[in-house]
Amino acid sequence: MSTTTKEISVGDIGARGAEANTKLDGDKMALNVGPSHPTTHGVLRLIMELNGDLIEKCEPVLGYLHRGDEKIAENMTYNQFVPYTDRLDYLAPLSNNVAYALTVEKLANLEVPPRCQAIRVLVCEMARISSHLLGMGVFGMDAGAWTPFMYTFTEREKLYTLFEELTGARFTTSYTRIGGVARDIPEGWLGRVEKFVDQLPKAIAEVEKLLTRNRIFLDRTEGIGEISKEDALAYGLTGPNLRATGIDLDLRKDKPYSGYEQYDFDVPIGTKGDCYDRYLVRIEEVLQSIRIIKQVIKDFPTGAWYAEDAKKIFAPPKEKILSSMEELIQNFMIVTEGPQIPAGEVYFEAENPKGALGFYVVSKGGGVPYRMKIRAPSFCNLSILEKLAPGHFLSDITVILGSLDFVMGECDR
Amino acid sequence: MTANDVAYNGKVEGDVIVTRADAVINWIRQHSVWPMPMGLACCAIELMASAASRYDISRFGMEVMRFSPRQSDCMIVAGTVTYKMAEVVRRIYDQMGDPKWVVAMGACASTGGMYRSYAVMQGVDNIVPVDVYVSGCPPRPEALLDAMMKLQDKIGNESSVRNLRKKKSVASG
Amino acid sequence: MFDVELLLMIGLKVLFALLMIGAVMTMAGYSVLAERKVSAWMQGRVGPNRTVLPLVGSLPFVGRFLKGLGIFQPLADGLKFLFKEEMIPGHVNKFYYNLAPIVALVPALTTMTVLPFGEFFTENGESIPLMLANLEVGILFVLAVSSLGVYGIVLAGWSSNSKYPFLGGIRSSAQMISYELAMGLSLLPVFLWVSEPGTGAMGLSLVDIVNSQSQNAWLLLVQPLSALIFLIALFAETNRLPFDMPESETDLVGGFHTEYGGFKFGIFFVAEYAHIVVGSAIFTIVFLGGWHFLPWMADPWPATWIGSLIGVGWFLAKTIFLIFFFIWVRWTLPRFRYDQVMNLGWTKLLPLALLNLIFYVLLVTWLDQPPA
Amino acid sequence: MIDEDFTKSLLDKHSYLTQRESIDWFTVECPGSELVSFVKAMRDDEGFELLIDLTAIDHGEGAECRFSTVIHLYSLVHRGYVRIHSLCLDNDKPSMPSVSDVYPAANWHERETFDMFGIHFSDHPNLKRILMWDEYPHFPLRKEFPLAGIDTPLPAADVVEVTKASVEPAPMMGGPFVSSNSGPISDSEPRAKDESWTERKEKPL
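Chains as they are written, first to last, in the numbering used here: chain A, 1 to 413; chain B, 414 to 586; chain C, 587 to 958; chain D, 959 to 1163.
This is chain A alone, in the form it adopts within the complex:
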């Protein structure tokens, strides 16, 4: 029988935060949520002031996952940083890879061939599906329904299998290189992707059956966390969170990159900007992504899958390295010194599942960036929380956080 008893002092991790919260009135309560709490999806921490169950003040505290990505970027070559981009928004690593590669290519004034562009669009949209699937599932989980999460994760596992086939890793893909992608698509892969997207709507319908018209779910999400258009713009929201308020801003349409202008798709926008709208926008975006994927696969370009003429930027294929001296030297230089990028500064944003992921790169020439700033959509999307949370019940905070669909990896970087 276990009979040991030990005394544990209060040791509230929120104590220091609560102190900062000044003196509270007698009937108010300071509540510390996180950084390890089921609703915070990672390591966000909220210091809240409650009046009964009503939130009066909510102060997010971040930085629990600050890993120094920007400093790391200044210490390595452009290609070496690709794996770190995986771990920004770790629900959609492929679209981070693509956004990063496109930024540096823009600085190098490099155009990749159509096949490479098509591959990138394809993987971006697959990443979007993967991210939104998790977003939907976790949103359901935050509202208390566990089963939809398991259903969406099953679909994600199918996506993981496809990613693994393409990139060699199911999760952290590191697929793009400056001037191309790591390898061409495997044989028969497109067919398997098509098969996957063909059965996806059915799986989504199943999740929708559990949630979308569910009375309890509607009660929990409708009218909760409403963001007005003005607020959304003022706080710099992007992505589905902005579109749910009714503002039509999709960089794939506005400033098409990587050949998005060839594809026909709609940008779903919401009306009220509440949690339910955000959920609906995400579901519709998944369906639109399926449309894009089908179009990409339908006429998939042939030809090179990397920029062949960028000798100083993209390392040549392995078989050439092993057989030709010039290519060997070229590979050596790119690996040790990094791709040679001209001096200058560039800012590029791509429409990622969470919002606009931007990279601001300042180069002084050579293979290493002088300064790299990562504009993380989750960081901006979360900043509205301070304004959004007051006036809601404590239970609403789970739903609001779930619907904002943030990832601390990119928020804290």
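It is possible that some hints are incorrect.
Straight-line alpha carbon distances no greater than 30 Å define the calculated DSSO-like cross-link-like pairs of lysine-lysine that follow [unchecked claim]: (1) D:K1151 / A:K312; (2) B:K563 / D:K1122; (3) C:K680 / A:K28; (4) D:K998 / A:K387; (5) A:K253 / D:K966; (6) A:K311 / D:K1151; (7) A:K106 / D:K966; (8) C:K653 / B:K563.
Incomplete in silico selection of chain A near chain B, CB under 10 Å [stated by the list, open to error]: (9) G42; (10) G63; (11) K71; (12) N75; (13) P83; (14) Y151.
Hint data in this document are derived by calculation from the structure and do not stem from the laboratory. Glycine included, C-beta positions come from ideal geometry on N, C-alpha and C.
Please build the complex by placing chains B, C and D on the supplied structure of chain A, with the hints as guidance.
Then chains B, C and D, alone, in the frame of chain A:
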């Protein structure tokens, strides 16, 4: 006590009874490891994947993820432990009741991994004792399941009866 | 001198009580397993299937079957609590902190004493209900005692001296009070109906309620609205999703039991399921005809000890189906918000229960009119 | 798109602006003293409703003006970006007026910039560290700060007492390695850019 110790030994005799009790207690503990998911970063998603339908950690009775440290037996540190987070990880570890185990999931939790920078603690074993390290960035769910099975084996070999008597000194938390 | 018969009587009762506690606790333990298995099945998973006792595992066919069912998982989980450190956080109110789990569990077990679960036929064909104590006011006792369970939760929440448990405790007490009313009101029409002249049954005894449904319509069919209100209130009383306010895992971590670990948490865990088991049993007795066969049909089994065994089995089958229903709902629906729970309780269920009562009062009065 | 007419009229309207060479978006340099009014004019008159990004650059310890802040604005009307550079005149105590009154989005960006560079944003409502903990003494993204970090005590004395943990410089001997393409050949060997702790140099205490 070694396996080839055949001669009579008073010390062994004493241990025999203990060992039987050990076997029972260890069987119980081994098969009821409730994890505390310390989901910090990317690995947390693979932790979710191992709980989801394809890998299904519930086969081992481990799907009962308790977010309250007091109710859990094994902390799975999944992700990068930054210095800012280290304090919290330690406090949560302190709040867990004995016996407790820690699994460092992934390169970051084990050694700091690819994040050699000013903000990242180079391995969670700087602050909490780790029982099983899992390699990978992030480890596949299979790797995590394997680690949990290794942990079960480890629990199976503990001398738990003696640990019951021993009063460990613990930090206030 | 000692009254031997009395001692024997007491001894027998104690034995029965222990047996019943054993049965209910086992059922509670295995409904945990059922929850895990059923949820796994709904989500396309497998559920616990690795835990097996060393000797049983090596049995040729049975061992594998039991292992696959995860039969030994609750055993390991339950016993683990015994070998876990009993920690008492420094900031709690120790007396109430230790008292709370007991207060939570005891009502569930006490309610059980008045639950009839079958009937025993004596040699001369008389039927004696199988229960520990045949109270004339059985259902009132059930209502009174089961509502004590909330004190365990409130005590746990308050004595933990920590914020999440506190919020959980407050939510729970408010919820319980609101739903108790609807629950009580939903049962009144049942008594009116059962006490109606002509059925031969009178009073508030659970046995009478069961027997009034033998060879007759189940009360579920006679009073569907009462049954529905009672069921919803039962969900709320047992803190099951969509009404699991005191726990609401996603926003309160574990609610009232956040600060509890080890054996005391184990008691809470079992108490929750014991409440479900007892609640399902009550619903079976009141609305599903207890141990009697289908509505409008005589029991097909003989009036002997075999018959009474089958009756008990039939009763258990109905109860287990209800437990399954509880689990089914939990893994399908999202959770209500706290104020929505209150709203539903006060503005929907309570008026509905009142209307239901008035309707049946009028109906019974009309039926009761002496023939002109 | 942002066309030449627009940029020309903008430069005419605000005489303190100077245009800068840029390969992508229209870039202006705005003195810090005019920043708030300029940004306000951009939002109200020109339709740049979104502050996309606000950050800073450290031009190195030798530079005349060491720090400059960079703002990116996006317009839903023009569907294009404008980049605004402003130099911090003081190298020792860099400061910049806060634009968080105009764009609430700037609030967190400015806190992050303060956290990483130590640039003080005057009139900021809540200027404190956002990513590192409050007591952290250094500004990590300054050029002289090593990637490996500097030995610093951790917060929470009770935890530190038990674990004896503190912020230690991370080992850099494992890479990543980069070689420079200039200088003598002995220097161009691939090596970690930050060499605060390698197999040749002792771990700093």
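For each hint, the structure was consulted:
Distance hint between D:K1151 and A:K312 is fulfilled; the C-alpha atoms sit about 21 Å from each other, no more than 30 Å. Restraint check for B:K563 and D:K1122: the C-alpha separation of about 29 Å stays at or below 30 Å, so the hint holds. Note on C:K680 and A:K28: the hinted pairing holds, with a Cα-Cα distance of about 25 Å set against a maximum of 30 Å. Taken as a hint, the D:K998 and A:K387 pair is honoured in the structure, with Cα atoms around 21 Å apart against an allowance of 30 Å.
As the CA atoms of A:K253 and D:K966 are separated by approximately 27 Å, the hinted pair is consistent with the 30 Å bound. The straight-line distance between the Cα atoms of A:K311 and D:K1151 is roughly 25 Å, inside the 30 Å bound, and the hint therefore holds. For the suggested pair A:K106 and D:K966, the alpha carbons sit about 25 Å apart, so the restraint of at most 30 Å is met. With a C-alpha separation of about 20 Å, the suggested pairing of C:K653 with B:K563 holds against the 30 Å cut-off.
Checking A:G42 against chain B by beta carbon gives a least distance of about 6 Å; that is within 10 Å, so the hint holds. Contact between A:G63 and chain B, as hinted, is supported at the beta carbon level, the nearest pair being about 5 Å apart and thus within 10 Å. Checking A:K71 against chain B by beta carbon gives a least distance of about 6 Å; that is within 10 Å, so the hint holds. For the restraint placing A:N75 at the interface with chain B, the shortest Cβ-Cβ distance is roughly 9 Å, inside the 10 Å limit, so the hint holds.
At about 7 Å, the closest approach between the beta carbon of A:P83 and any beta carbon in chain B falls short of 10 Å, and the interface hint on this residue holds. Nearest Cβ of chain B to the Cβ of A:Y151: about 8 Å, under the 10 Å cut. The hint holds.
Figure legend: structure checked against the earlier numbered hints; every hint is met.
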